Amino acid sequence: MTHTFFLAPACNDAGLTTVSLGMVRAMERLGVRVGFYKPIGQGSEPDVSPERSTHFIRKINGLPTVEPIPLADAERMFANNQTDELLAQVVKGLQRASENADLLIVEGLVPTARDSNVIQANLQLIRTLNAEVILVGCAANRKANELCEDLELAARNLGSAVQQRLLGAIINQAPAEPDPVSSVSRMLEGSSLFKKGGLDLLGAIPREESLLWPRTSDVARMLDAEIYHAGKMRERRVQSIHLLARMVPNMLQAFAPGRLLVTPADRDDVVVAVALAGMKKTPMAGLILTGDTALNPDIMEFTESAWHAGLPVLRVETDSFETASRLFSMSNKVPADDLERMTIAMDFVAGHLAVERLRERLNVPVEVRLSPAAFFHRLTERAAKGNRRILLPEGDERRTIEAAAACQRRGIARCVLIAKPQIVREKALAMGVEIPEDLEIVDPEQARDHYIESMVELRKNKGLSPQAAADNLTDNVVLGTMMLALGEADGLVSGAIHSSANTIRPALQLIKTRPGAEVVSSIFFMCLPDQVVVYGDCAVNTDPNAQELADIAIQSADSAQRFDIPPRVAMISYSTGDSGSGADVEKVREATRLAKEKRPDLCIDGPLQYDAAAIANVAATKAPDSPVAGRATVFIFPDLNTGNTTYKAVQRSANVVSVGPMLQGLKRPVNDLSRGALVEDIIYTIALTAIQAEDNVEVQPSTAS
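Start counting at 1 in the sequence shown, then tack on 898, and there's your number in our numbering.
Rather than coming from a laboratory, the hints here were simulated on the basis of the structure. Keep in mind the model is a prediction, meaning the values are calculated, not measured. Quick reminder that beta carbons are idealized off the backbone N, C-alpha and C, glycines included. It is possible that part of the hints are untrue.
Lysine-lysine pairs mimicking DSSO-like chemistry, simulated, CA-CA at most 30 Å apart [stated by the list, open to error]: (1) K1520 with K1496; (2) K990 with K957; (3) K1130 with K1179.
Each pair of labels, with its calculated beta carbon distance range [as the list claims (entries may be wrong)]: (4) E1332 with D1217: 46 to 56 Å; (5) S1397 with D1166: 48 to 58 Å; (6) A977 with L1237: 30 to 40 Å; (7) D1166 with K1283: 53 to 63 Å; (8) R1460 with I1395: 25 to 35 Å; (9) R974 with G1088: 36 to 46 Å; (10) P962 with S1203: 48 to 58 Å; (11) R974 with N1039: 33 to 43 Å; (12) S1203 with N1039: 37 to 47 Å.
With the sequences and hints as input, model every part of the structure.
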């Protein structure tokens, strides 16, 4: 039976949507199969349509969702004594939402002055869903006794029967000092709900200003502003608002990243000054020109080229004071199209919940499997513990700079950018990315000569001359690979602007394979909706023979195990068991035999067709006695043509995130990126590389050939 948590607000500013979605993210990270359900929709503002919670869960988490019953329909049914019909619809939605879930998180309704029946509706929903209740309160602008009163009133409104299902509370906007949990615990000391260990504090979420920053495009929509120049209005965020009314020399400090500047349209001097700041690539949030004064066409033409640096320019007819007043009263709700902001908010909330206590509350066995959220969370957490030094030869590439800065701040790895330091800093400033002081930048022009002699020694059996070594080392990927070969770093990540061959070839020449490895191979981590599986080899070996294919299977199983995926290896073919014959099937059959012989501890079976390997009911027919069929976690393809085609088909057709390729079989980890990689892709690949470095084999440069 699915366990159900109902999140009920204790006040109308609890931030219920963000907390509910953050709990989904937190439980997914633990490997709990989570469903989400918003039985009755709420919210009528144009910028939050469609219903936000269900929308964000669908877009960000990819969970199957049930459309909520519109609030107006629910109110009408309550008023017309159609409560049973309404609740029947709720139960029907519950059955769909909880399918294949061990835990269902249900978001209740927020009480407002307009929605007078919300409290009664929440109570009806809790009873109908047989849910356990978690109250969500807010500590912002409240004294301790006021917070306690909010929670106690919300508990009383549940009635005595439902109060017995009350698990605890999550407090949003908690004081950060000395720490959120301690601060909230002290505030709740006077509450009868929490005395003598009655209820648990299940989360204390501190206020984080950056989660409130809207995009400039959101501001334009709220003001119904004329867009004089869009610039990067969907990327830049408003960190603060500044009304420019003084002389230009006295307002220069306002020209800073994230500032939204408001000034009358007739202040030509301010317009020119802002244009100059924009040309210096200061990533300001935007410029709003106010009032009914016509824009000076000469000034706008004079500054035209400045706006192409990305600064958004908006025009409104209200005066500066009225415009600023509207800006300061702007809603903090996350618009439906701002997936980035909601994703960050969900991760932030998830990091401040007492997740182990929540899991302990589940009264049914929870099948722990590695969901995508759990995979990514464990990936970065484990990488951070290793404190590995990872080389990034494409050090002046914009995505790489941003990823390195993020890894450094989050402690995922000690990144090393190989690039001219001045170029890195200029690009970071233009992007509004703060370079951490401890982020290492190696100037390749100053470093290359140091590695010529070592490279000649490494490649002496190939007759490499000093001049040829010097020429090779002008390639930063080769330079980084040499640094790695000499043990000066733990891993290398490249490929954002280079082909796979550019990344892999130097590694094969200088790093070499691990002892016992037949080949260097690759895997992708395929983040399917409810679990992460491994595909190999989809990037390196064109047509491996049986012995090589067996080695790829063993390498891939070991990699899966290293990343907490229980390895059940399916050797993929167009035939299952003895149903087919031919050279290609025989190769897979022989590879399966060799892999089992070499590693009897592994769960390996083949040949298996893909559907027999992945789908339980197909496996029951085609391979009923297989220990792998229907539950495979590692899929080994017979050749590159099959593997690469399959991974791309699944990735694109099913909109699946794939992380990789991760190379296997090298003495030290070198990993390739897709040239279309996002910043998050690079971060995860850095984390993968750092974890691979945990069991490196020592390199002996003097004996390499």
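Okay, the hints, checked on the actual structure:
1. Under the criterion of a C-alpha separation no larger than 30 Å, the hint pairing K1520 with K1496 is consistent with the structure, at around 26 Å.
2. Of the pairs offered as hints, the one joining K990 and K957 holds, with about 23 Å between alpha carbons and a cut-off of 30 Å not exceeded.
3. Between K1130 and K1179, the direct Cα distance comes to roughly 12 Å. Compliance with the 30 Å bound is thereby established for this hinted pair.
4. Taking the beta carbon of each, E1332 and D1217 are about 35 Å apart, not inside 46 to 56 Å as hinted.
5. Look at S1397 against D1166: about 51 Å separates their beta carbons, and that is inside 48 to 58 Å.
6. Look at A977 against L1237: about 36 Å separates their beta carbons, and that is inside 30 to 40 Å.
7. For D1166 and K1283, the Cβ-Cβ distance of about 57 Å falls inside the hinted range of 53 to 63 Å, so the restraint holds.
8. Distance hint check for R1460 and I1395: the Cβ-Cβ separation is about 29 Å, which falls inside the suggested range of 25 to 35 Å.
9. Between R974 and G1088 the C-beta distance comes to about 42 Å, which sits within the given range of 36 to 46 Å.
10. A beta carbon spacing of about 49 Å between P962 and S1203 agrees with the range 48 to 58 Å that was offered as a hint.
11. For R974 and N1039, the Cβ-Cβ distance of about 35 Å falls inside the hinted range of 33 to 43 Å, so the restraint holds.
12. For S1203 and N1039, the hinted distance range of 37 to 47 Å is satisfied, since their beta carbons lie about 46 Å from each other.
The structure is inconsistent with hint 4 alone, although it conforms to all the rest.
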